[in-house]
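Generate the whole structure from the sequences, applying the supplied hints.
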Amino acid sequence: MKLKKVMLCAPIFSLFVIVAHAQKSSVILKGGVNLANVTVNNDGGVNDARNLTSFHGGIVADLELTPFLAIQPGLLFTGKGSKIQSGEQGDANFYRATTNPYYVEIPVNLVLKTSTGPTRFFAGAGPYLAIGVAGKNKVEGSIAGNSFSSEEKIEWSNDDPATVDFEEGAGFGIMKRFDYGLNGTVGIEVSKLVISANYGWGLAKLQSGSGSGDDDNNKHRVLSFSLGFRI
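Numbered by my numbering, the letters in the sequence shown go through residues 1 to 231 in order.
Certain hints may be false.
Computed cross-link-like contacts, DSSO-like style, restricted to lysine-lysine with a CA-CA straight-line distance of at most 30 Å [claimed, not checked]:
#1 LYS83 <-> LYS153
#2 LYS113 <-> LYS24
#3 LYS24 <-> LYS153
It should be emphasised that the hints constitute simulated quantities derived from the structure, not laboratory data.
Structural data, given as structure tokens:
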């Protein structure tokens, strides 16, 4: 148990060390639009027709290590998921099912910036860890003009992230609570305004009890566009 606690605390301690050595720091309030999807084949491909529009918002610390290099840890509330649709709303026969989970996500990106000035471009990458906190599964449609709909809360597993070889609470229809993956980000800073795009490449499978690493099916993919304000 002590070893597990040390393993969980080590990244937090490392972050405090980085903050202590940062030359200049600021905080960015950000929010924006997510185009979320889930991989549908073993090669990690997605079906664009299943894109689900969601949102994100939160804070990001901008900790400058040098004039050209910064580390940006964040705390975000973000929506992911996907949809399946046949026909269009208003058709006699129409079907749409959406899965829209919400996560509290902690990204940590290492960012390279252009030379100092009123306008700076940046690009970076890093890992993220997320925990599912809310969300809904929704079904709606019509058959021969007769409408139907249902909505239910997403049920999460009670998995302990410290037990890497066992998932507590796994079961059919239950979503894994913890997600993790990699981020890539690009953007521009104009005075206190920050405009950016981010791509989240999920590495954890969504389905509870599904842990095979042989393929990239059933994982989050999220393209985000953000507007931020530096304070």
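Structure-based check of each hint:
{"no.": "1", "hint": "LYS83 <-> LYS153", "result": "16 Å, holds"}
{"no.": "2", "hint": "LYS113 <-> LYS24", "result": "14 Å, holds"}
{"no.": "3", "hint": "LYS24 <-> LYS153", "result": "43 Å, violated"}
When the structure is compared with the earlier hints, a violation turns up for hint 3 alone.
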